Amino acid sequence: MNYDVVIVGAGPAGIAAANILVEQSLSVLLIDEQARAGGQIFRQPPKGWTVKNWLSSKIYRDGINELRKAEANSLIRWRFRTTVAGISRVAGAEPAFRVFAEDANGVCEIESRFLLLATGCHDMSVSFPGATLPGVMMAGGIQAFVKSQQIVPGECFVLVGTHPLQIIVADQILKAGGKVAGVYFGQPLSRFLRAFKAPATLFRFSGKFLFFLGCICRVLLAGVGIHFGRTVRRALGKEALEQVELMRLDSQGQPTASATQAVAADRLGLCFSFIASSELARQLGATVRWSAPEGGFLVEHDQWMQSSVPGLFVAGEITAVAGADAAMEEGRLAAFGIIRKKMGAQQCTEFTTQIDAVTRRLQKHEQFSTLLRALSDPEDIPKTLLKDEAIVCKCEQVSVGDIHSMLTDNQFVSTASSLKLLTRAGMGLCQGRYCQHILVRLIAEQRNIPEQQVGPYTAQFPSKPLAVAKILEWSPESQ
Amino acid sequence: MPRYDVVIVGAGVIGCACAYYLARAGVRVAVLDRNQVNSGASGRNAGSLHFQLEYRLIQNQDLLDRQLPFLLPLTLAGIEQWRSLPEELGVDIGLKMTGGLMVAETPKQIALLRKKSEIETRCGLNVEWLSGDEARQLQPGLSQSVQAALFCPDEGHCNPRLLTPAYARQAEAAGAKFLEPCEVVDLARTGGKWLVRCRLVNGGAEETIQAESVVNASGAWASELALKANLHLPLFPVALMMSVTEAAPKVLKYLVQHVGRKLSLKQVSDGNILVGGGWSAKLQTSAKQGAGKPEIRLDNLQKNLAAACDVLPAVRDLNLIRTWTGITGITLDHLPVIGQFAEAPGFYVAAGGSGFTYGPTYAKLLSEYILTNRQPELLKPYSPDRFSDLNMFMGQ
Chain A
1 MNYDVVIVGA GPAGIAAANI LVEQSLSVLL IDEQARAGGQ IFRQPPKGWT
51 VKNWLSSKIY RDGINELRKA EANSLIRWRF RTTVAGISRV AGAEPAFRVF
101 AEDANGVCEI ESRFLLLATG CHDMSVSFPG ATLPGVMMAG GIQAFVKSQQ
151 IVPGECFVLV GTHPLQIIVA DQILKAGGKV AGVYFGQPLS RFLRAFKAPA
201 TLFRFSGKFL FFLGCICRVL LAGVGIHFGR TVRRALGKEA LEQVELMRLD
251 SQGQPTASAT QAVAADRLGL CFSFIASSEL ARQLGATVRW SAPEGGFLVE
301 HDQWMQSSVP GLFVAGEITA VAGADAAMEE GRLAAFGIIR KKMGAQQCTE
351 FTTQIDAVTR RLQKHEQFST LLRALSDPED IPKTLLKDEA IVCKCEQVSV
401 GDIHSMLTDN QFVSTASSLK LLTRAGMGLC QGRYCQHILV RLIAEQRNIP
451 EQQVGPYTAQ FPSKPLAVAK ILEWSPESQ
Chain B
1 MPRYDVVIVG AGVIGCACAY YLARAGVRVA VLDRNQVNSG ASGRNAGSLH
51 FQLEYRLIQN QDLLDRQLPF LLPLTLAGIE QWRSLPEELG VDIGLKMTGG
101 LMVAETPKQI ALLRKKSEIE TRCGLNVEWL SGDEARQLQP GLSQSVQAAL
151 FCPDEGHCNP RLLTPAYARQ AEAAGAKFLE PCEVVDLART GGKWLVRCRL
201 VNGGAEETIQ AESVVNASGA WASELALKAN LHLPLFPVAL MMSVTEAAPK
251 VLKYLVQHVG RKLSLKQVSD GNILVGGGWS AKLQTSAKQG AGKPEIRLDN
301 LQKNLAAACD VLPAVRDLNL IRTWTGITGI TLDHLPVIGQ FAEAPGFYVA
351 AGGSGFTYGP TYAKLLSEYI LTNRQPELLK PYSPDRFSDL NMFMGQ
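Those protein sequence lines, which keep their order, are chains A and B. For the first sequence, UniProt numbering assigns the number 1 to the initial residue and increments by one for each residue that follows. For the second sequence, UniProt numbering assigns the number 1 to the initial residue and increments by one for each residue that follows.
The shape of chain B in the complex, shown without the other chains (with noise of 0.2 Å):
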């Protein structure tokens, strides 16, 4: 039977990254996916590094006193892990971290905007607020109903076409080993050790991997792997859009996000232009074990395309090439879920929330877990122990 230390189920850039960081430190790793590396959600994002305060906190009183003490140490930690990845990859990941705007269009717009830049100056986030003309004269093509912005230097984009992909070069230079597509049928804690049972996905042959550790880092299923291991985990699926329009003449330099309308735009170095912001596709029915694509919604299309359009006017001259989902997860709260099992020593978590922006630090932070058995100060917010309730009578 082959042994590892710590047997990874998702190749998506949480298990790429934390495989690298693990087997960095001297870790025996497997990383297993029943799909290939990246081709999940962490692909399929449209590659925002958004670190502005997002609209749910604003709009939550609670949960922004809740979050704040621990947002603002988890987004500077973020800053500086982005600004230190090409040169630790080693390799062209698209980071472009000129910065970002978050744009308002209406006087209501205007006031959350100016709401959202009070609480991030008071908490030290680098934030300066535009009017509509400063912000044109910074990012040219804006167009005339933008009437304020918040920019935020640290923000932008980076590729994720090409960020899961280093992570996964890196960590197997460093030893961790990628195993053939299979999927997890059943995981069991017995004598202290974790038994994962896998079937090929082609071909069909099982096998059974011991671990000393689990880390699920599956994404919109990190669910479904939880209850293989007889615990609950309430990470609800969610299908988005993004789109591409063809190449075009650098117009953008900037993230463009909107204070009141789903919107992200950013230009990639090949000129073509993204667009998303989180309108949702339709899931299927039978989207379990990650079949059926989600549906793409045409009327959210055409609004995301308008919002994009009303913000950047030359979007509208241009053809779509196109729209795709991909399918990420969030938990009641919206927060991510990170850490260990209480009712399961050795099964750890990290899925949803923001997975893009911070994958990368979440995967650093519960690696750092992992190789010191203590949970760090950062990740206490998000420890899977607050569904416990949930997990009473459940666990290994």
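Chain A on its own, in the form it takes in the complex (with noise of 0.2 Å):
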């Protein structure tokens, strides 16, 4: 098997590049983990089953028609529940790579001149006692089940965090059925009366904030209270989760003296950031750069979405989240990067307006996203969150104080992969996807040095635990 390009995510990013790529007859080939096109933000319900009203908000109108117009088109072949475990870089003349992908059926090595990695992010994994139980789960989780499926996974739910996701989400409980005992946002409300300061803005993108202020009333209007300056504390329960602790948070993000209150509830939905997935772009050695709130290791890349590994692009949310929008943008500013590099610059002038056009709604799209980040960042709190007994790896089962009393010891130890080898943490079945981030934080603070100098872990083959049979069943000559 053997593609122009093959595109790695077939969200927002993904399906954008892919429509612009075929209609310059470019082989394309996207393979996607999900069963259906459209990522995290755009997730369908399985072939055959309909949701009413699913995704019927005018803001979520242009990407489900890009999604329409991919899945339409026959030129683009699809991978579906594939994961890629690892990709090689060929030596030659030509900037080439070997995907190397597993499905239901084993795995399979596809080849590729050009590679446009938009793998998405994860929700940001914050640690705190209790935060193991059973019932605790990531609100983006319990969207993927609320979204495609109405499927409400509990009874009672508690939303915390600090980012604006977590109103829709209860908006969707509500709608599909579930109960919402409360909203807590972290950071005070002033912060986001901030978002009057820039009415042009608000202006710009007044159905977002439309649809956004819809979600408030009606999750109001359902009697569900929408707290500020308020977080978890701890999880309490005996096998499961039973009561989630909740403390005042001062306007700085620290916990004040005031009496802590206790919430019934059997589900606990986190909701502070989102963690960009570029263990894939490490794994072939792209260069990263560290921004907190824009979702950890972020891929560098050039004006043309290139990484700094020739013939790799990058977009969507691995180069910063940002939202739908801006990834389908950066989607297709990358196919014609890659399509200026296919043909040469010269060959590339028809485009001229076309590149002009995404390149200005990009701009505009970082606005929104530059807003939302001032609004939703949530700077120290996961910090303040971390008590010596919260587990920050769950695979490992490696405390904050384990990692606290390694550092103390261990003086020369001042990086995220060194400090990994030393205690574990990172290296169980998630590959450090969910503590690497506040694994980074704490080394940093504790050393002072910045995040950048710390690093992330190396990225390993297999992005994802792979079956020792798979791997013994594949036949490289057959493919």
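Since the hints were made in silico from the structure, they are not lab data. The reader is advised that the hints may include incorrect statements.
[Said to hold, decoys possible] Keeping only pairs whose Cα atoms sit at most 30 Å apart, straight-line, the calculated DSSO-like set for lysine-lysine is:
1) B/Lys293 <-> A/Lys341
2) B/Lys364 <-> B/Lys96
3) A/Lys69 <-> A/Lys341
4) A/Lys47 <-> A/Lys238
5) B/Lys253 <-> A/Lys470
6) B/Lys293 <-> A/Lys394
7) A/Lys58 <-> A/Lys197
8) B/Lys293 <-> A/Lys470
9) B/Lys250 <-> A/Lys464
10) B/Lys253 <-> A/Lys341
11) B/Lys262 <-> B/Lys96
12) B/Lys96 <-> B/Lys253
13) A/Lys470 <-> A/Lys394
14) B/Lys262 <-> A/Lys470
15) A/Lys342 <-> A/Lys69
16) B/Lys250 <-> A/Lys470
17) B/Lys282 <-> A/Lys470
18) B/Lys282 <-> A/Lys464
19) B/Lys303 <-> A/Lys464
20) B/Lys253 <-> A/Lys464
21) B/Lys303 <-> A/Lys470
22) B/Lys177 <-> B/Lys303
23) A/Lys341 <-> A/Lys394
24) A/Lys342 <-> B/Lys282
25) A/Lys342 <-> B/Lys364
26) B/Lys262 <-> B/Lys282
27) B/Lys253 <-> A/Lys394
28) B/Lys282 <-> B/Lys303
None of the values given here were measured: they were computed from a predicted structure.
With the hints as a guide, dock the two chains, each given alone in a separate frame, to form the complex.
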């Protein structure tokens, strides 16, 4: 199997890129772990199912149009329920890649001249006492159930975080028939009111703003309290979550002396921030930069979305978490970047108008994402939650206290990879996806060095656990 | 200018252990590395403690004849040192010296194992011959394909994640100084002293350190560092792969190796099974300066896992969670190079050749050499003098 372009991730960035690439007669394969295209934001119901009013708001219209266009395009090849375990570069004159992918049938190798990684992001995991109790979930995980299949994964929900998404999730839970006991923002209300200091941006994005106001109204009308300056202190329960203990935070995000409050719930959804899924790009050696509010370690790229690895393009959240609209524009830009690299700059003058339009829209969306980040950045709240007994690496059961004492006893350790080796944090089934962010921040704080210097965990093969039997059955010749 | 008695370049097991043995004897030691403590081969190898004769020695009669008189005392010294290490370092290093099996699956392999057993028994190494059934009785779960095995009760494994940091902490406690990550720019000897010019990795500031002696413990990059001291050291980088499965129920009690296939198997206390044995990854051509992670060779990974499943079928039902690479160094004669360069007094090296199993021993012996200025008997076959033809026009 050999393609001009393999795109990993069939979310907004991936499908927008594919739509442009096939128009220029490039052969394109889109790979995604899910059963259908759309990514997290446009997560579709299973084929043949209908969900009433599925993403009916106008704010989703452009994205869904793009999605339908891609799905209707017979030139695009797809591989769903497929995980990319690893990617290697093929030495030679042309930049070329070998993608090692796994699906239910086994593993296979796919060759590609260019690669576009549009692998998105995942919820930021936070650690606090009780965070490993069954019933503590990520808001994105809850949303995945509700959005595509109207499954309400629990009886009574509490949402805690700093990101406005939790209001949307609360609204979706209520619409699907679930109960929400409260929505708690760590930051003070004044942080949100700052938005009104940017009236031009609000006006430009009035559609999104009105949609969000609609969610707030429905949540409030349902009798659900939306609270500010409060966050989770502990999750309590015998075998599973029974109560969420909340504490008050001051405007700096520090706990205040006032009494804690316990709310009964069997599900806690955490919604602080999002972490770029940059591990495949890092496996290939692409340069990353650290930015906590934008999603941790982000893949650096040039104006054509090409990373430091020649031929490897990136788009969407792995370059900075900025939402679906920005991701689609980045996907388009990456597509033009790939076309330009394949055909030569001179052959691409016909696209100038389109590229200018993409760039303009991208700048516009960046205004919105900058504003959203300013309102929702959890800043130091995730660190405030950490208590020595909190588990930072759930896979290997490494606690915050373990990390602190390891750093104290081993003064010569100052990188995430080195601490991983010493403590096993990040060595488990999730490959460090969930603990890396907080661990990097812990090291940076204790060593008083920038996070960039701490660096990410070395991204190893395979990106997700891979059955030994499948590797044994693989026959490279038959590809 | 900072002054030390000994500057050690390379914070792997040999460098950190050397720092410990020297600092404990009152020597002022500094350790420098361009990366972190234990970030190279010392922390990336599979952690086998293999004391049975290696395949290449059985195959090469000439090498074997030259090596045998030295090998047994070194092996015995190594075994004794390992047994005392947890107490000496005062911390859990994941040491399990419960024994190791070397298995054979074919008549040809059995013949080879037989020959090995004879040599080992003759020179006094503690090994026991087992039939396939006896091996399976000792280590349930071994496949029916195993037809014979040689058991060495002193073998086992130690956790490479823990050994080197334990040495480093003890070295630090004894007064050794671990410098900020920095790389050596130049090495020169003037007025009987070594000047080590180095550059901080973060920030780029340069500094010169003075030392009576320099220890080159930079593993696969020992040759590159030697050249900075105007010396040739023919040691070549080799990239190897290691793999680990998800945690599994306790099945493996022993280190398992293979006499005719590249394979090592062990289970760590957390339940994960480590699969290694010396399958190569692809070195990057730009591997200079430690950059460029070697590329995993999936064909070799497949062969490695196939060998593992043939010997221990339970591996087939597990998930692989990680495959990683490490770069080790080998010499032309496969022997380590340990000692002082005649062409550059005060410039010591310890690199190459079973650096994990024998790392602590090499470091202890080299420390004795530095402290007494007399070459320990056991190090004689490993002296860099055997490359002196190359250094006729080199040196300090």
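Going through the hints against the structure:
1. B/Lys293 <-> A/Lys341: holds, 27 Å
2. B/Lys364 <-> B/Lys96: holds, 21 Å
3. A/Lys69 <-> A/Lys341: Judged against 30 Å, a Cα distance of about 25 Å means the pair holds.
4. A/Lys47 <-> A/Lys238: violated, 39 Å
5. B/Lys253 <-> A/Lys470: Answer holds: B/Lys253 to A/Lys470 is near 26 Å, not above 30 Å.
6. B/Lys293 <-> A/Lys394: holds, 28 Å
7. A/Lys58 <-> A/Lys197: holds, 25 Å
8. B/Lys293 <-> A/Lys470: holds, 25 Å
9. B/Lys250 <-> A/Lys464: holds, 23 Å
10. B/Lys253 <-> A/Lys341: violated, 56 Å
11. B/Lys262 <-> B/Lys96: This hinted pair holds, its Cα atoms lying about 22 Å apart.
12. B/Lys96 <-> B/Lys253: Holds: B/Lys96 and B/Lys253 sit about 9 Å apart, inside 30 Å.
13. A/Lys470 <-> A/Lys394: holds, 27 Å
14. B/Lys262 <-> A/Lys470: Holds, at about 21 Å.
15. A/Lys342 <-> A/Lys69: Answer holds: A/Lys342 to A/Lys69 is near 24 Å, not above 30 Å.
16. B/Lys250 <-> A/Lys470: Holds. B/Lys250 to A/Lys470 sits at ~23 Å (cutoff 30 Å).
17. B/Lys282 <-> A/Lys470: holds, 23 Å
18. B/Lys282 <-> A/Lys464: Holds - the C-alpha atoms of A/Lys464 and B/Lys282 are around 22 Å apart, at most 30 Å.
19. B/Lys303 <-> A/Lys464: holds, 20 Å
20. B/Lys253 <-> A/Lys464: holds, 28 Å
21. B/Lys303 <-> A/Lys470: Distance ~13 Å between B/Lys303 and A/Lys470 Cα, so the pair holds.
22. B/Lys177 <-> B/Lys303: violated, 43 Å
23. A/Lys341 <-> A/Lys394: Distance of about 43 Å is beyond 30 Å: violated.
24. A/Lys342 <-> B/Lys282: Holds, at roughly 28 Å.
25. A/Lys342 <-> B/Lys364: Roughly 58 Å separates the two Cα atoms, so the pair is violated.
26. B/Lys262 <-> B/Lys282: holds, 17 Å
27. B/Lys253 <-> A/Lys394: holds, 27 Å
28. B/Lys282 <-> B/Lys303: Holds. B/Lys282 to B/Lys303 sits at ~15 Å (cutoff 30 Å).
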